[in-house]
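Asker: Sequence:
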Amino acid sequence: MKIAISGGIGLEESLVERLCGHSILVLGSQYDLTKEKFLPVKRVPFIGEYPTRNYETILIEYDAYIEVSQSLKSKFLFSEMAARNGKKYFCLYYKESWKLGVFYSLKNPFSVWWKYEKPLPFFLLPSLPPAKAIEQIVNAVESKDESNYIVELESGQKIPFEEFVKEPAEDKEIFLSGQMDDVVSVSCGDKSVAISPMNEVVIDLDFYKEKLSGIFKITKASPFFLEFKVGHLSAMLFRQGRLIVKGTKEKNTAIFTYRNYIGN
6 MKIAISGGIG LEESLVERLC GHSILVLGSQ YDLTKEKFLP VKRVPFIGEY
56 PTRNYETILI EYDAYIEVSQ SLKSKFLFSE MAARNGKKYF CLYYKESWKL
106 GVFYSLKNPF SVWWKYEKPL PFFLLPSLPP AKAIEQIVNA VESKDESNYI
156 VELESGQKIP FEEFVKEPAE DKEIFLSGQM DDVVSVSCGD KSVAISPMNE
206 VVIDLDFYKE KLSGIFKITK ASPFFLEFKV GHLSAMLFRQ GRLIVKGTKE
256 KNTAIFTYRN YIGN
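For the sequence shown, position 9 (counting from the first letter as 1) is numbered 14 according to the numbering used here, and the numbering increases by one without interruption.
Hints are computed from structural coordinates only; laboratory data are not their basis. This one's a predicted model, so the numbers in the text were calculated from it and none came from an experiment. Careful: at least some of the hints might be erroneous.
To be verified - Label pairs and their calculated CB-CB ranges:
hint, residue 1, residue 2, range
1, D211, T62, 30 to 36 Å
2, S110, Q162, 31 to 37 Å
3, Q245, K222, 22 to 28 Å
Said to hold, decoys possible - Mimicking SDA-like on lysine to any residue, the simulated pairs with C-alpha atoms at most 20 Å apart in a straight line are:
hint, residue 1, residue 2
4, K254, S197
5, K104, E159
6, K196, K234
7, K251, E205
8, K40, N265
9, K100, R89
10, K256, K177
11, K7, K47
12, K177, R58
13, K251, I179
Virtual Cβ for every residue (Gly too), placed ideally from N, Cα, C.
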């Protein structure tokens with residue numbers, strides 16, 4: 006089977022090793038903020054980028070998608086690709102607890118039964134049980150029983166899944182259509198990258214000041230923005246959700262900062 010893995014949380018190498026009997030492509034991996042690049046994944050074709058809807062033309066050649074990134078947006082995007090193109094979809098996500106969605110036949114994308122809302126920053130989520138996640142993913146890929154289910158990782162409890170909650174809407178492909186997409190702009194003049202979120206959000210700056218102060222130095226705070234250090238870089242978060250990362254022209258550094266510490 007040809008499998009495309011959307012990586013990011015550090016399971017990529019283990020999955021490649023455990024699924025070595027399959028033809029695998031890895032798109033994205035853990036991001037090294039110091040070197041400002043994705044850590045390469047060995048032994049298989051690797052694309053060091055965050056997935057976007059533009060990759061559908063490449064991914065359509067694969068039989069199954071495994072989504073193990075930090076981004077809820079990416080999970081919704083891949084669900085639309087899987088539903089549109091008839092692909093198997095194995096998705097690791099956090100919703101009240103860590104779960105794996107196993108969809109051998111996904112008639113409708115996530116947006117039909119799960120409203121996209123800005124999630125918590127990845128660094129605030131409870132720790133993922135990596136060994137259990139890998140075992141459940143491998144078991145699902147190799148299983149001969151192709152009925153859809155959701156499994157709670159800690160308990161191992163399986164919940165059968167049938168998409169009877171809602172009828173599909175005409176605009177169900179909100180990510181592949183571009184209705185929901187971040188705006189990323191790079192300013193080479195002052196060496197900075199700005200990210201405007203894909204949907205309207207209101208940021209609680211006091212919440213982020215409290216949470217980020219535990220891992221970063223807060224350099225300035227006001228009712229309108231929060232400024233903090235991210236490694237050798239400086240970042241400004243505005244209450245409308247806009248983030249500016251200063252000191253780099255690398256868009257992936259800004260995207261990583263947003264997804265890991267702000268939430269997307």
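Asker: Work down the list of hints and note, for each, if the structure agrees.
Answerer: Each hint, compared with the structure:
| no. | hint | result |
| --- | --- | --- |
| 1 | D211 to T62: 30 to 36 Å | violated (44 Å) |
| 2 | S110 to Q162: 31 to 37 Å | violated (22 Å) |
| 3 | Q245 to K222: 22 to 28 Å | holds (23 Å) |
| 4 | K254 to S197 | holds (6 Å) |
| 5 | K104 to E159 | holds (8 Å) |
| 6 | K196 to K234 | holds (16 Å) |
| 7 | K251 to E205 | violated (23 Å) |
| 8 | K40 to N265 | holds (17 Å) |
| 9 | K100 to R89 | violated (24 Å) |
| 10 | K256 to K177 | violated (28 Å) |
| 11 | K7 to K47 | holds (17 Å) |
| 12 | K177 to R58 | holds (14 Å) |
| 13 | K251 to I179 | violated (31 Å) |
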